[in-house]
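Novice: Protein chains in written order, with numbering that gives the first Met the number 0: chain D, 0 to 145; chain S, 0 to 145; chain X, 0 to 145; chain L, 0 to 145; chain W, 0 to 145; chain F, 0 to 145; chain Y, 0 to 145; chain G, 0 to 145; chain E, 0 to 145; chain R, 0 to 145.
You may find that some hints are simply not true.
Straight line, CA to CA, 35 Å or less: simulated DSBU-like cross-link-like pairs of lysine-lysine [stated by the list, open to error]:
(1) R:Lys122 / R:Lys54
(2) D:Lys54 / R:Lys105
(3) D:Lys51 / D:Lys123
(4) Y:Lys51 / Y:Lys7
(5) L:Lys7 / W:Lys105
(6) R:Lys7 / R:Lys122
(7) X:Lys122 / X:Lys105
(8) D:Lys123 / R:Lys123
(9) E:Lys13 / R:Lys54
(10) F:Lys8 / W:Lys123
(11) L:Lys51 / X:Lys51
(12) Y:Lys7 / W:Lys13
(13) R:Lys105 / D:Lys8
(14) R:Lys143 / E:Lys8
(15) L:Lys7 / S:Lys7
(16) G:Lys144 / Y:Lys105
(17) R:Lys144 / D:Lys13
(18) G:Lys122 / Y:Lys143
(19) Y:Lys123 / Y:Lys54
(20) G:Lys144 / R:Lys13
(21) S:Lys13 / L:Lys8
(22) G:Lys105 / E:Lys123
(23) X:Lys122 / S:Lys123
I should point out that these hints are in silico values taken from the structure, not numbers from a laboratory.
Protein chains: 10
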Amino acid sequence: MERTAAIKKICDAKFRLGLTWADIARSIDRSEVWTTAACLGQGTWEHDDIEKLAKITDLPTEELEILTTVPYRGRSESIPQDPTVYRLHEILLVYGDTIKELIHEKFGDGIMSAIDFTMDIDKKVDPAGDRVVITMNGKFLPYKKW
Amino acid sequence: MERTAAIKKICDAKFRLGLTWADIARSIDRSEVWTTAACLGQGTWEHDDIEKLAKITDLPTEELEILTTVPYRGRSESIPQDPTVYRLHEILLVYGDTIKELIHEKFGDGIMSAIDFTMDIDKKVDPAGDRVVITMNGKFLPYKKW
Amino acid sequence: MERTAAIKKICDAKFRLGLTWADIARSIDRSEVWTTAACLGQGTWEHDDIEKLAKITDLPTEELEILTTVPYRGRSESIPQDPTVYRLHEILLVYGDTIKELIHEKFGDGIMSAIDFTMDIDKKVDPAGDRVVITMNGKFLPYKKW
Amino acid sequence: MERTAAIKKICDAKFRLGLTWADIARSIDRSEVWTTAACLGQGTWEHDDIEKLAKITDLPTEELEILTTVPYRGRSESIPQDPTVYRLHEILLVYGDTIKELIHEKFGDGIMSAIDFTMDIDKKVDPAGDRVVITMNGKFLPYKKW
Amino acid sequence: MERTAAIKKICDAKFRLGLTWADIARSIDRSEVWTTAACLGQGTWEHDDIEKLAKITDLPTEELEILTTVPYRGRSESIPQDPTVYRLHEILLVYGDTIKELIHEKFGDGIMSAIDFTMDIDKKVDPAGDRVVITMNGKFLPYKKW
Amino acid sequence: MERTAAIKKICDAKFRLGLTWADIARSIDRSEVWTTAACLGQGTWEHDDIEKLAKITDLPTEELEILTTVPYRGRSESIPQDPTVYRLHEILLVYGDTIKELIHEKFGDGIMSAIDFTMDIDKKVDPAGDRVVITMNGKFLPYKKW
Amino acid sequence: MERTAAIKKICDAKFRLGLTWADIARSIDRSEVWTTAACLGQGTWEHDDIEKLAKITDLPTEELEILTTVPYRGRSESIPQDPTVYRLHEILLVYGDTIKELIHEKFGDGIMSAIDFTMDIDKKVDPAGDRVVITMNGKFLPYKKW
Amino acid sequence: MERTAAIKKICDAKFRLGLTWADIARSIDRSEVWTTAACLGQGTWEHDDIEKLAKITDLPTEELEILTTVPYRGRSESIPQDPTVYRLHEILLVYGDTIKELIHEKFGDGIMSAIDFTMDIDKKVDPAGDRVVITMNGKFLPYKKW
Amino acid sequence: MERTAAIKKICDAKFRLGLTWADIARSIDRSEVWTTAACLGQGTWEHDDIEKLAKITDLPTEELEILTTVPYRGRSESIPQDPTVYRLHEILLVYGDTIKELIHEKFGDGIMSAIDFTMDIDKKVDPAGDRVVITMNGKFLPYKKW
Amino acid sequence: MERTAAIKKICDAKFRLGLTWADIARSIDRSEVWTTAACLGQGTWEHDDIEKLAKITDLPTEELEILTTVPYRGRSESIPQDPTVYRLHEILLVYGDTIKELIHEKFGDGIMSAIDFTMDIDKKVDPAGDRVVITMNGKFLPYKKW
């Protein structure tokens, strides 16, 4: 059983059963973002969670087992074409240097970790048009001198 | 007076006078993120703010006036090399499709605007290592059918 | 049933039945541009329209159902080779900065939305050679300051 | 006198004198789009128009004379980073194949000329948010068989 | 029946039957260049010609019918590796600006159309080594001002 | 004296003195294409021709002497943006494989030389619109077996 | 029978039968370099040689017949990753301009043909480590003036 | 004194004094290829040779001294446009895999070193057209297992 | 039996049997790094080792035999997206020039061989967080002068 | 005083005074690798170290002061051409996936930090040819689940 096939099976099951990512996240008791990423092949699963995932998607455990190995992470295209994904790239083009400047001003020389990192995506209802709120939370790692 | 020259003058003044981006933001009564971005040439200034900026940076108003025109936004490199900026690109590579999926699940077909958009960068003190918190807040725009 | 397969089935049916995009657009009571784009996988369908589409293309509804999910938008190549499509890229190369200048002159700092957006393609008969008229109509979105 | 220098002088004069592209267009009795494009170096000027341009920009005719030669057209970057210009590229990514399909459906095999071509950019006031209307008008050129 | 499959069938038949492109061109009474290009998927066929093509290649008409639709033109690689094709790219690298200069000197600002365009490829016998003669003939299209 | 500077001086002189490429070609008794290419830095000059060139452009011989060395040939961009030059690239995209096929059919395995090569650019007056005629003439070189 | 399939069959047969390229070259009485290149799809075979090739590889002649047509030459990647092939690219990066300078110094303006060209690869035994000796031999082609 | 400036001075002196690379090579008693490469900035000079180079080029030693440091090797463009240099790239495209195959057949798994490497460029007079002979000689390095 | 298929079979067997790379390395008495690389298709196997590999992976010898031929080395993407692999690319971006400087300072002009090369990857337990220690060991090869 | 200018001054002083990187490292009591990287603009300096650096390089402190700000890290080219630097890229191409596999096998899902990271470069004398030993030491960071 290959990883790509496992991902496809989950997505097909989700569509067929009318599941949401939130449903799946609740079933394994993890955040929506981590769960979605992991279902799309960007995370490493625990054996226990695989069993819960198998149950809610009505798939055999052994077809999902491959997801307990560490994946090669990344998207198929480095600069996204899809408008929804592109907007995040555009934010990087416009505000990337600003984020760097302010991280250094507040923390010193270093980075925000993308590994010791969590993210939430929320909906803020607004009469002038609802708003997407993305909160990224990463550990600051200071550059080592030696 | 050219835009690039104006940006350079602001950065030189900031270094020479030991100013922080927060200092400059307070002086024009705007957020740190917008102020930093605008000082780096990614925003359009109001005439009034230019005068306040001239005052705190000790620069002649006319050398900054060009910043009231609309800029060509963007960075010099589309895929960043600098590790601090790269981590944001990596987040897009790993979680980009996840963000797309969850925006659609919560809002339907459309995008988070990068124009009707605000961002904050905060420091969350943590004994296990301080954390960078980036909050993006953009209006949801539904795809039009016609 | 996969999205790509659904698109191919529609195109095959269109060719086999001698349908035009205009025929299909009329059958679902939408514009030609939106209908064509959506049949080529660049739009999200309503369940009701899928049924009408199934009828005119003589295809089973369930083979088209996948089109009610939100697509990954974009073309396979970012810079087009096909001469008909390339001309639009060339217009961007020659007049792109001009469009930017005039949008800013007439509206201020901001963009023409490509999401809250409609387009029409018309034929204007002309004895000196018929003319293609493309009308793009997008909401102006002012850049937010905060 | 070099072409790039001439373009820069026009832009500087426009900024210094507070001119709009519309002002310049009126002074040479041409459309705003053509005038802006030509001032940005994307068109070939007539000697008569150079004199009018010199007058309104308060520049010596001989510094603008180089603009009567045919330019090398194009932008510095093929895929735009600036969000206002990018939206046009995105429209091509999402609707490019649709435009091709409908041109062929209405006209047969051929292209919309980008040479025998005019464009207008208008503002349509709308209480729900003003709209940018771009109208492209190009001669249809049928592909020759021989 | 897909376009790629149709092209492959023609090429296989040509090889199997020992046909030349000249044979095929004669059978449909068109030039060698147009015929070859159209057989390779770069042209739109008339129904009548498809029947003649079916006859000489000994293929069923319905397997070639797809060639009456307008193709997406272009090669799989923008910068050719094959030495025979590369030489044409090299001519563009070495003489491209020269061609532009001389078109403008002889015709004014505009282009040689690649649509209202014919080409011939001839063999000129020469004792010092035979010569390939490629003649391109395209309508001059003057750039429009408006 | 550098090569780029020499080219610029020739072009400036041509503009200032109102010369055509044809004038310069006649003065050195060479074809228009070779002369233009060589003035743009794509050819190696003879000492005698440099003197004639110096005379007609009214430039000191020693400022042009560098043109007797062999240049690094090529354009600054491999895929052209300028519409006049692009059309030649497009011809390669659409007809490149066709040219390859017909060269092989008429000559066997080999190439048309771009070194033992001449080119002419002519104007063919036509009431339906004048036509650009480009004639390329290159020695066929058969691929060696050993 | 496709060309790629034919190449694969030869390579499989070579591995299965324990043949060397030298064995195959001897069987068709050609050089090792030409033979290897042609077996890898970079050359055009004679009918007679195909029969000898069929014999030594124990393959049916008709499965190899496609190799008598002219191939599209080139590698799948323009800049090689494989270390053995990369060293040749590196030699070009380090010594490419030197080769150009010395060809011009010894021969004048022109090129070393890659078509009227032979190559040998030899082993020179050396107690300090054996050495690879690659000898390239190409006709000098002078650039034509006209 | 910068490296690029030193290279330019050598080239200017060579042109001004009418020197050949062979002259310079003789003056430092090294091969033509190494000498040319080193003058173009692709090699590290000994102090003694710098003095001889200074003498023959009539330049002050201290302006050349920088050439005793180790350079960053490489060309400005990875895929060459210049036809003379391109032919070497084409040889790699056509024969690269062949060279790999034959090195492995004759030596086993490993590479031809581009560091413990020499090259010669010779002219072989031939009534049918003189020939360029390039001989590359590199130590075979076997891949280590551990 | 193809190389890619052989690699896949080994990986599948490793997953199915719960083997580690260390287990496989021990079974053939080689280092973990070499063994892993060779199982992933980046090394050339000895016949004897293939038999041991067949045994531990419970696969038929003949399905692995292809691994005794020399591979085309490299990864599918030159700039890695996967965060674990990317960090090594980032180290090259940040410290690449430093490594070059220090190799030259300690050894003179030359390179660290990537062929006569070994590598180890170790775990250093550390209460502040375990550390990855990568040790690269390559023969210094001095640049040859001739 | 700009960063690039400061770096150049240090390198010029190092060359002029005959300093080694080791000399400079000792003078500020840091490792050779960190010191070299920081002198090349890839690190952030402390004020105290700047004074020591100024002393050993005989440069005014204020010309080096800019180095106390956080740099934009990276090299000018992502894929290196210089052979010494390229070998490190090649190691990534050949062994990148192997390193990933073994980090995961020994540590689980996560990365070796390139921020909490040190490196040493040593010379190991060996009669068969001295060896370069590069030791990388980075904290393992486990991927967070949430």
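Novice: Could you tell me which of the hints above the structure violates, numbers in ascending order?
Specialist: Hints 8, 9, 10, 11, 16, 20, 22, 23 contradicted; others consistent.
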